[in-house]
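Asks: Sequence:
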Amino acid sequence: MGGLAADERIVIVSSRDALDERDIFSALDIQSGKLLWQMEYKCKGKMDYGRAPRATPLIVKNQIVMLGAFGHLNCVDRNTGVSIWTKNLGKDFGAKLPIWGFCGSPLLIDDSLLVQTGSSKSSIVRLGLDGKTVWTEGGEPISYSSFVEAAPNGVRQLIGYDETTVGGWNVDTGKRIWTITPAETGDFNVVTPIVQEERLWLFSENNGARLYRFVAGRPAPEPQAENLRIVPDTHTPVLIGNRLYCVNEGLFCLNADTLE
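If you count the sequence shown from 1, you need to add 1 to reach the working numbering.
Careful: at least some of the hints might be erroneous.
[Unchecked claim] Pair ranges (Cβ atoms, derived):
| # | residue 1 | residue 2 | range |
| --- | --- | --- | --- |
| 1 | Val83 | Gly46 | 20 to 28 angstroms |
| 2 | Gly242 | Ile100 | 34 to 42 angstroms |
| 3 | Asp18 | Asp49 | 15 to 23 angstroms |
| 4 | Thr87 | Leu20 | 18 to 26 angstroms |
| 5 | Lys97 | Lys35 | 24 to 32 angstroms |
| 6 | Lys97 | Tyr50 | 45 to 53 angstroms |
| 7 | Phe253 | Gly187 | 34 to 42 angstroms |
[Said to hold, decoys possible] Straight line, CA to CA, 35 angstroms or less: simulated DSBU-like cross-link-like pairs of lysine-lysine:
| # | residue 1 | residue 2 |
| --- | --- | --- |
| 8 | Lys133 | Lys45 |
| 9 | Lys47 | Lys92 |
| 10 | Lys122 | Lys35 |
The hints are simulated quantities; they were obtained by calculation from the structure and are not laboratory data.
Positions of the beta carbon are idealized from the N, C-alpha and C atoms, including for glycine.
Construct the entire structure; sequences and hints are all you get.
Replies: Printed below as a string of structure tokens:
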């Protein structure tokens, strides 16, 4: 269920063993598909929609960071798969297992990582590439979406969903800058926000597609455009030029400025 990660030499694929008791991450040669190495660990538990990892691995320098659905965070050597450090989001940060598992992909910020836990004391965590904590920030329970980094109006920030809202967080401190609370409740917040310069697009199953403009690093209070008929619940739309391509019981192409 997790995405593929690739560089010029390898592809990283996540899966489960035949007994559905272990997470498996496989490194394949990008030219031949030959197995280079595997990293696996015991990981039992119950979860809807399968138990395989949901997050996309992160390849950075000579390391690969991989997150399992049950909160196992592993950093391994890119060439051998040998463990460099490990974390457990539950044991190390007090995170509770979400109904559908930990889904947010680790995000590279400079020479460190952003990881979502959903813990009241450490809802988002910034870790060095050595696994040491840079900062933690408390907050709301986790969403099933991934964070992105952007600098609208020159204000560098992290942008993403928690369980019920959308927000921006200071990259250096983790402090929350702004919040958007949707008009309709009940979204599961799986789709990742899209940011381009001063524009922010949000998508959810109960609040449709919305476009916001940033002013002084914060979104305007009301959306500039919206389309309540486009309600993707799991697939993040793709922005190409000034067109948005959305999957919602079929493929739709929208004008990015008007959402029509």
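Asks: Taking the hints in turn, state whether each one holds.
Replies: Evaluated hints:
Between Val83 and Gly46 the beta carbons are some 26 angstroms apart, a value that agrees with the proposed interval 20 to 28 angstroms. Judged by the Cβ atoms, the range 34 to 42 angstroms given for Gly242 and Ile100 holds: they are separated by roughly 37 angstroms. Distance hint check: the CB atoms of Asp18 and Asp49 are about 19 angstroms apart, consistent with the given range 15 to 23 angstroms. A beta carbon spacing of about 22 angstroms between Thr87 and Leu20 agrees with the range 18 to 26 angstroms that was offered as a hint.
Look at Lys97 against Lys35: about 40 angstroms separates their beta carbons, and that is not inside 24 to 32 angstroms. At roughly 18 angstroms, the beta-carbon separation of Lys97 and Tyr50 lies outside the given 45 to 53 angstroms, and the hint is violated. The supplied range of 34 to 42 angstroms is broken by Phe253 and Gly187, whose beta-carbon atoms lie about 22 angstroms from each other. Proximity of Lys133 to Lys45 is assessed by CA-CA distance (about 27 angstroms); at most 35 angstroms being required, the pair is judged to hold.
For the proposed pair Lys47 and Lys92, the alpha carbon gap of about 18 angstroms is at most 35 angstroms, so the pair holds. Restraint check: the Cα-Cα separation between Lys122 and Lys35 comes to about 43 angstroms, which exceeds 35 angstroms; the hinted pair is violated.
Against the hints set out earlier in the document, violations occur for numbers 5, 6, 7 and 10.
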